[in-house]
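J.: Residues per chain, in single letters:
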Amino acid sequence: MNEAAMKAIRVTTSVNGTSYTRAVEPRLLLSDFLRNELGLTGTHVGCEHGKCGACTVLVGGRAVRACLMFAVQAEGKSVETIEGLAAGADALHPIQRAFIDCHGLQCGFCTPGMINSTRALLAANPAPTDQEIRAGLAGNICRCTGYVNIVKAVRQAANEMRTTAAPEGVSK
Amino acid sequence: MTKSTSRWVGASLARKQDLRLVTGHGRYTDDISVPGMLHAAMLRSPHAHARIKSVDVSRARALPGVHAVLTGEDAKRYWGPLAPTIDIGMKVPTVYALATDKVYYMGEPVVAIAADTRYLAEDALEFIDVEYEVLPAVTDTEAALAPGAPLLYPEWGDNVQCAWGMSVGAVDETFARADHVFEFRLPQHRYSGASLEGRAALAHYDAYNRKLTLHCSTQAPNLVRTLVAQTFRFPEHDVQVIAPDIGGGYGNKLQADAEVIPCLLSLATGRPVKWTESRQENLLSGMQCRDYVWYLKVAVSKDGILQGLDAQVLGNVGCDGTCHAAGAGKFLVAAGYVPGPYKWHAFRVATKVAVSNKAPSGAYRGYGKDIANYPLEVAMSRMADALGLSPAEFRRRNFVGKDEFPYQQISGPVYDSGDYAQCLAKLLELVDYDEVKQRQAATQGKSAKYLGIGIASMLEPSGGAVPSCIFNSYEVATVRLMPEGGVLVLTGHQDIGQGSETTLCQVVADELGLTPDDVRVVYGDTNAVPYGLGPWSSRGATFNVSCIAEAARRLKANLFEVVANLWQCEAAGLVAADGAIVEPGGRRMTLRELGNKLHLWPGAFGVVPKHVANPFEVTHYWTSPIASWTPDELGRIRLYTTHPSGSSAIIVEVDAETGKIEVKDVAIVDDCGVIINPTIVEGQLHGGYVQGIGGALMEEFHYDERGQLWNTDLTSYLHPLATDVPDIKCDHVISPSPYTTLGTKGMGEGSTIMPCAAMVNAVEDALKPFGVRVDQLPLTPERVIRLLKTSSIWREMYEVGA
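Chains as they are written, first to last, in our numbering: chain A, 1 to 172; chain B, 1001 to 1802.
Keep in mind the hints are simulated off the structure, nothing from the lab. Each hint should be verified, as a subset may be incorrect.
Said to hold, decoys possible - Which stretches of chain A does chain B cover? Using the computed rule of at least three CB atoms under 8 Å from a CB of chain B, they are:
(1) 46-54
(2) 71-83
(3) 98-105
(4) 109-117
(5) 130-137
(6) 141-150
Said to hold, decoys possible - Computed list of lysine to aspartate or glutamate pairs in DMTMM-like fashion (alpha-carbon distance at most 20 Å, straight line):
(7) Lys1016/B / Asp1525/B
(8) Lys152/A / Asp1665/B
(9) Lys1449/B / Glu1662/B
(10) Lys1437/B / Asp1655/B
(11) Lys1053/B / Glu1131/B
(12) Lys1343/B / Asp1172/B
(13) Lys1449/B / Glu1796/B
(14) Lys1437/B / Glu1662/B
(15) Lys7/A / Asp1116/B
(16) Lys1016/B / Glu83/A
(17) Lys1664/B / Asp1724/B
(18) Lys1729/B / Asp101/A
(19) Lys1426/B / Asp1727/B
(20) Lys1610/B / Glu1570/B
(21) Lys152/A / Asp1724/B
(22) Lys152/A / Asp1731/B
(23) Lys7/A / Glu1122/B
(24) Lys1449/B / Glu1799/B
(25) Lys152/A / Asp1727/B
(26) Lys152/A / Glu132/A
(27) Lys1729/B / Asp130/A
(28) Lys1016/B / Asp90/A
(29) Lys1076/B / Asp1056/B
(30) Lys1302/B / Asp1172/B
(31) Lys152/A / Asp101/A
(32) Lys1102/B / Glu1133/B
(33) Lys1053/B / Glu1133/B
(34) Lys1664/B / Asp130/A
(35) Lys1664/B / Glu1429/B
(36) Lys1664/B / Glu132/A
(37) Lys1664/B / Asp1731/B
(38) Lys1016/B / Asp101/A
Quick reminder that beta carbons are idealized off the backbone N, C-alpha and C, glycines included.
Generate coordinates for the entire structure from the input sequences, incorporating the hints supplied.
T.: Structure (structure tokens):
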């Protein structure tokens, strides 16, 4: 074991609007930091090598694989996870509502990453075609749904977010 | 029994679990942490077949933060060999979850470590020294069965884990007299479900309570409890298995294989130990599936009527298909169902299951029904072509007719109900088959893109009941009235994403006149629920729905007796509706009032007459009215209760220059009997079909001849992405099953069964100008080009310098 790898480094980062300071090993992945240090287990890890997209979170408003980033790289940055999206059980974001309405999930393991990729997609392109939705989500693997109802959910969310004042934009 | 009013069965209700899952408040196994918890890592064999000469763990044991380092020999103090999951005339090897003297596949666990963090545990793996004597390996099915092959288990004398065969009717005469005899060799490669959540287990042995608690990602907590108890020779009543939210299963999570290793580490350390499989571990050793070769001989009359089928399947279960998981059984199911939805006069089948130096083989969406479907459905389209018939017409001429049910199939099963011809007719309409063929004719040869359409029909035998196997023959569930009038359903059935947490509420709500919000399904805790068997074999809508509907009806009958006693009226006249028990045109008592009376004010003694059975709850045992393990006069048994069916079509565009296949359109017509939740049913159809497309086009474990697995990450083991597949059209035929309480049938596997055959048929249709015959899957661009290169027409048109 490399002694340097074991030496803790202080990191301060904002997660879902709350500032956290922790001393962590430099090799600690952001995904493990969120899950194990902060207890935000909604960020799921499906492959640990940046392919499946289950761990997608927003860092500075951009969709990022939390398994490909070290926690120390989040120093001074603003991280948004799935837990920060809804204001409460009765105050879902239109994307969350749409995934429920359209049956856009089955086992639910890919869902937080899917929803975060959708947030980034719709922030960049509020009126995507089906083809653009599919391209925008091609970094997220779903093994259950065959993507049909996910595309439908994103379409519904996009429509709703365009026609109503978006209650929550992707980051300020 | 009172007739149920179908208010909720048939409704596309949103799912109960979705709120927690879309907000990040689901609870999967790795999300659970407990005080004092250690983390496991496993050292895995780099060789496919090797003798372990020595293992030195002393350096790893000396590391700070490392609490246990156990070899296979060390582990024998705590456990015995892996308990068998299936043994129907099979050779069951004596193998341990940590290798002892030999390793049988690349990735087999050799040493287990528990440390303070997962990072430390994985670091410590580097400090273990293992000396191997590499042995010759065998990976190919037919090579493993050939004389002189390296033997995995020398005491067996060969590599055959099981062999079976049957013959019905005058097979040789039928073939001798036939107008046409067609022969096919159709192999399929190795791939699997690879759920996004791999395996995960958190074990805690509490020495002061003499109790082992195991949280794990499984489809079948009760079965895992039994297997863990047997492997450790531990009293089963002192084991509790808790399965929280499950991140996908598809059949892969139906055993206690590596899950016993964290249990071992907890026994050794006295601390809770968590193991969460990495993706590499999952691809190396999570259960793999498919991997077989069929030889088919089909006799057909000149007017296109099937006469005889003579088939042999050679299966490859890797190092084992009995202890690590129940993989071997699927080749017996395949042999029994290869006749498919068609009628035959003579039938012979033989199956031989080989062990080889690949990862263990388990269940995966289809469990042999897919294996039965693939060769015959490819053969049906090829024979239609040879006979000058359309693929639909040839199938139509040979389907079991809708008026012939219950139908005794030649291989043993009794098909319950269906209308196969109507499924196919609806499909042709849904996909606009004639228009596609016209478009194909109009465009063919005008560019390098060749349009093709392939169809496949299927049977999805559901609710298997296999003797001497964990996939057994019953379901038990409890329906309980709570003091405030709500209802709990306690079931061993696990929701793994298929939505039973919601659909079972719909069933109970109808039976008791409640709404689904009045009902909660409790599952995933062996100490809370009856010993039910779990979701596999698409058995939920066959076994579990019937069991729970019957339990609810019995509870209702008991409640009617209580109310009739209170009102001094006839129980027979009462109905349950709108949250109450009602005397038509008369008195009304809400379930809340009744629950209160029974439990509290005044309580049971003052309310329940002596002749009435338990009005608080009913635990019901349901088993199949049609399955039979007693051989008939021809030696045939019946393992499956319902037979969902369907047809599907794939439209492709194949680029003759690049070999790339673009999936343009997919349509499915499914008959799963009475539908409980149409949206959930369609979701299953979509997802299952796309998994099958993955198997047909890209998913494959690449083992070389030395048994090295080359693709152990998701950048080299490919899955369909949103950009790889189109929208999917669905339609339904509804043929209720006479053998289930509500007429429901399973439906979790059917759409995964069809795509490989439909894809091959579509590609062969597209490339008909070149006479291409697919001989191996998946149909990667390289493989398509290799096939095209065998065509002289293609070489003239596309080969540079030809």
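J.: None of the hints should be skipped; say for each whether it holds.
T.: Evaluated hints:
Residues of the region 46-54 of chain A lying with their CB closer than 8 Å to a CB of chain B number 7, which satisfies the three-residue condition for coverage. Counting residues of the region 71-83 of chain A whose C-beta sits closer than 8 Å to any C-beta of chain B gives 3, which meets the bar of three, so the coverage hint holds. Under the rule that three or more residues need a Cβ within less than 8 Å of chain B, the assignment of the region 98-105 of chain A holds, with 5 such residues. Proximity of the region 109-117 of chain A to chain B, defined as three or more residues with a beta carbon under 8 Å from a beta carbon of that chain, is established by the 5 residues found.
Note: the region 130-137 of chain A has 5 residues with beta-carbon separation from chain B under 8 Å; the three-residue rule is met and the coverage holds. Residue count for the region 141-150 of chain A with a Cβ under 8 Å from a Cβ of chain B: 10. That meets the three needed, and the coverage hint holds. Note on Lys1016/B and Asp1525/B: the hinted pairing holds, with a Cα-Cα distance of about 18 Å set against a maximum of 20 Å. At most 20 Å may separate the alpha-carbon atoms for a hinted pair to count; Lys152/A and Asp1665/B meet this at roughly 17 Å.
Taking the CA atoms of Lys1449/B and Glu1662/B, the gap is about 10 Å. The hint holds against a cut of 20 Å. Using a Cα cut-off of 20 Å, the hinted pair Lys1437/B and Asp1655/B holds, with the two alpha carbons roughly 18 Å apart. This hinted pair checks out: Lys1053/B and Glu1131/B have alpha carbons roughly 5 Å apart, not beyond 20 Å. With a C-alpha separation of about 18 Å, the suggested pairing of Lys1343/B with Asp1172/B holds against the 20 Å cut-off.
For the hint linking Lys1449/B to Glu1796/B, the alpha-carbon distance of about 16 Å falls within 20 Å, and the restraint holds. For the proposed pair Lys1437/B and Glu1662/B, the alpha carbon gap of about 17 Å is at most 20 Å, so the pair holds. Simply put, Lys7/A and Asp1116/B have alpha-carbon atoms about 16 Å apart, close enough for the 20 Å limit, and the pair holds. At roughly 18 Å between alpha-carbon atoms, Lys1016/B and Glu83/A fall within 20 Å of each other, so this suggested pair holds.
Pair hint Lys1664/B plus Asp1724/B holds up; C-alpha atoms about 10 Å apart against a cutoff of 20 Å. Simply put, Lys1729/B and Asp101/A have alpha-carbon atoms about 19 Å apart, close enough for the 20 Å limit, and the pair holds. Distance restraint check for Lys1426/B and Asp1727/B: the Cα-Cα separation of roughly 18 Å lies within the 20 Å cut-off, and the hinted pair is therefore satisfied. With a CA separation close to 16 Å, the supplied pair Lys1610/B and Glu1570/B stays within the 20 Å bound.
Our distance criterion of 20 Å between C-alpha atoms is met by Lys152/A and Asp1724/B, whose separation comes to about 16 Å. A C-alpha spacing of about 18 Å is found between Lys152/A and Asp1731/B, which places the hinted pair at or below 20 Å, so the restraint holds. Of the pairs offered as hints, the one joining Lys7/A and Glu1122/B holds, with about 18 Å between alpha carbons and a cut-off of 20 Å not exceeded. For the hint pairing Lys1449/B with Glu1799/B, the CA-to-CA distance comes to about 16 Å; that is within 20 Å, so the pair holds.
This hinted pair checks out: Lys152/A and Asp1727/B have alpha carbons roughly 10 Å apart, not beyond 20 Å. At most 20 Å may separate the alpha-carbon atoms for a hinted pair to count; Lys152/A and Glu132/A meet this at roughly 12 Å. Restraint check for Lys1729/B and Asp130/A: satisfied, since their Cα atoms lie roughly 15 Å apart, inside the 20 Å limit. A threshold of 20 Å between alpha carbons decides the hint, and for Lys1016/B with Asp90/A the separation of about 14 Å falls inside it, so the pair holds.
Between Lys1076/B and Asp1056/B the CA atoms are separated by roughly 17 Å; this keeps the pair inside 20 Å, and the hint holds. Between Lys1302/B and Asp1172/B the CA atoms are separated by roughly 18 Å; this keeps the pair inside 20 Å, and the hint holds. A threshold of 20 Å between alpha carbons decides the hint, and for Lys152/A with Asp101/A the separation of about 10 Å falls inside it, so the pair holds. Simply put, Lys1102/B and Glu1133/B have alpha-carbon atoms about 9 Å apart, close enough for the 20 Å limit, and the pair holds.
Restraint check for Lys1053/B and Glu1133/B: the C-alpha separation of about 7 Å stays at or below 20 Å, so the hint holds. Our distance criterion of 20 Å between C-alpha atoms is met by Lys1664/B and Asp130/A, whose separation comes to about 14 Å. Distance hint between Lys1664/B and Glu1429/B is fulfilled; the C-alpha atoms sit about 17 Å from each other, no more than 20 Å. Simply put, Lys1664/B and Glu132/A have alpha-carbon atoms about 16 Å apart, close enough for the 20 Å limit, and the pair holds.
For the hint linking Lys1664/B to Asp1731/B, the alpha-carbon distance of about 18 Å falls within 20 Å, and the restraint holds. Proposed proximity of Lys1016/B and Asp101/A is supported: the alpha carbons are some 12 Å apart, at most 20 Å.
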